[in-house]
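Read off the chains here:
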Amino acid sequence: MSQQIDANGQLRHFLTTEGLPPDLLNRLLDTADSFTGVIDKSVKKVPLLRGRTVVNLFFEPSTRTRTTFELAAKRLSADVLNVDMGTTSVKGESLADMLHNLEAMQADLFVVRHADSGAANYIADRVDDSVAILNAGDGRHAHPTQAMLDALTIRRHKGRFEPLTVAIVGDILHSRVARSQIHALNGLATGEVRVIAPRTLLPEDIESLGVKVYYDPDEGLKDADVVIMLRLQRERMQGALLPSEGEYFKRYGLTRERLARAHPEAIVMHPGPINRGVEIESSVADGRQSVILEQVTNGIAIRMAVMSTVLGAYHDAGREAE
Amino acid sequence: MTAIPDVESLLARMTAGLSQLLADGSNEDALLVGIHTGGAWLAERLHERLGLRTPLGTLDISFYRDDFSRKGMHPEVRPSRLPLSIEGRPVILVDDVLYTGRTVRAALNELFDYGRPASVRLAVLIERDGRELPVAADVAGHTLTLGRAERIKLRGPDPLRIERSHVDP
Chain F
6 MSQQIDANGQ
16 LRHFLTTEGL
26 PPDLLNRLLD
36 TADSFTGVID
46 KSVKKVPLLR
56 GRTVVNLFFE
66 PSTRTRTTFE
76 LAAKRLSADV
86 LNVDMGTTSV
96 KGESLADMLH
106 NLEAMQADLF
116 VVRHADSGAA
126 NYIADRVDDS
136 VAILNAGDGR
146 HAHPTQAMLD
156 ALTIRRHKGR
166 FEPLTVAIVG
176 DILHSRVARS
186 QIHALNGLAT
196 GEVRVIAPRT
206 LLPEDIESLG
216 VKVYYDPDEG
226 LKDADVVIML
236 RLQRERMQGA
246 LLPSEGEYFK
256 RYGLTRERLA
266 RAHPEAIVMH
276 PGPINRGVEI
286 ESSVADGRQS
296 VILEQVTNGI
306 AIRMAVMSTV
316 LGAYHDAGRE
326 AE
Chain E
8 MTAIPDVESL
18 LARMTAGLSQ
28 LLADGSNEDA
38 LLVGIHTGGA
48 WLAERLHERL
58 GLRTPLGTLD
68 ISFYRDDFSR
78 KGMHPEVRPS
88 RLPLSIEGRP
98 VILVDDVLYT
108 GRTVRAALNE
118 LFDYGRPASV
128 RLAVLIERDG
138 RELPVAADVA
148 GHTLTLGRAE
158 RIKLRGPDPL
168 RIERSHVDP
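Chains F and E are the protein sequences, given in the same order.
At position 132 of the first sequence (counting the first as 1) the number is 137 in the working numbering, and the numbers step up by one without a gap.
At position 81 of the second sequence (counting the first as 1) the number is 88 in the working numbering, and the numbers step up by one without a gap.
Be aware that one or more of the hints could be misleading.
Claimed, not checked - List time: in silico DSSO-like cross-link candidates among lysine-lysine, alpha-carbon distance up to 27 angstroms:
id, chain 1, residue 1, chain 2, residue 2
1, E, LYS78, F, LYS50
2, E, LYS160, F, LYS79
3, F, LYS217, F, LYS255
4, E, LYS78, F, LYS46
5, F, LYS49, E, LYS160
Bear in mind the hints are in silico, worked out from the structure with no lab data behind them.
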């Protein structure tokens, strides 16, 4: 069995959307849907993870992502510890020592964000069996909860995935979000997944992931039901991969004219934070077809679903066997 | 094995019991809330029979179960829907079988996360032995004693029928 699925087919860690069976992907979306009622209550909490401890282990700072994980854990009544490795001095302690220290504090779940690809897998291999690992983004590798919240947003608007054409536009090469989205969307049997990017921002083997490649956005956006814009990371400009922000916007930015190529009811998504006027025009980001803020709301439900799934099923099955 | 009357006649008894409860002036704006899944089916039938003006509520208590840490996530959790504020309002919980009382405990916990009801009453189709918590029904369609290995469950929604089975002790 894979590192994240145990012998009973239960999710024990959540490291990547790659290779996840369709029924598991659908179950996560269903579970997320079932949490929607929670925010209607005067007490916006359910007691599922009462007495459990969730540690946010962020080696790469990201206030937005950390906040949604924290809120998700708190809505499940877990205790949350934020360890910001970006600003806290590590005092020469090795990663392994630090993990064992956190285990000794009876932490149940580590939410890991790291600049290196494979960091979450590395940690999952080294923690005690009683600890679950949730990948909150590792290098260029994966950002599985982002991909699942995108899938949830798509399902809520469009229903079934089979008839849909989804276009992902932007820096695919450096994007862990794009990679996770492609795996999740293909796992959910999406009709067609397209990537649209300049040659310099596409990995060579991208077609092998099951996508259609377009270099011309006007062509790639044609009749798309879902348009996902990726954030253009400014530091990428230095590597001579792109001429300039202005040039990129002219060629690939999502303008109203360009969006008109897509299906009239197409939804526009973006994982945030948005670079207005770089990858997307303000009037599109705030427009009728934009579901960008819904993505944020859905992110909390998805993170609640993943946390309760890895802590409910695997975790205690392991403990009972002890 | 003692015979259990059919669901229709039990529903009639519940309707009579609830009418009496509702006749008390303080209960007239009561909210009927069915516990998923059996209780929700029954609440729908009772709501119609009683001709209630208040809309119907449903609760899925999966997130409040006390066996989550042993059984994990229930695969099919439906969102709870309480169409009216329960703050200061009488609530009537409806479930199919009252057995250990743990479901009712979970339902009460969930209910109180929505607000502070004026009162909570419990109406069940079947009240059996085996209570593990201090919970009792205000209205019951039928009361019976079963063997420890016996289980009873409402199947439905169309038609509603009672299913008895044995489990290995």
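Each hint tested on the structure:
About 20 angstroms separates the Cα atoms of LYS78 (chain E) and LYS50 (chain F), which keeps this hinted pair within 27 angstroms; it holds. Using a Cα cut-off of 27 angstroms, the hinted pair LYS160 (chain E) and LYS79 (chain F) is violated, with the two alpha carbons roughly 35 angstroms apart. Using a Cα cut-off of 27 angstroms, the hinted pair LYS217 (chain F) and LYS255 (chain F) holds, with the two alpha carbons roughly 22 angstroms apart. Annotation: proposed proximity of LYS78 (chain E) to LYS46 (chain F) holds, straight-line Cα distance about 25 angstroms (limit 27 angstroms).
Between LYS49 (chain F) and LYS160 (chain E) the alpha-carbon distance is near 32 angstroms, which puts this suggested pair outside the 27 angstroms criterion.
When each numbered hint is compared with the structure, violations occur for hints 2, 5.
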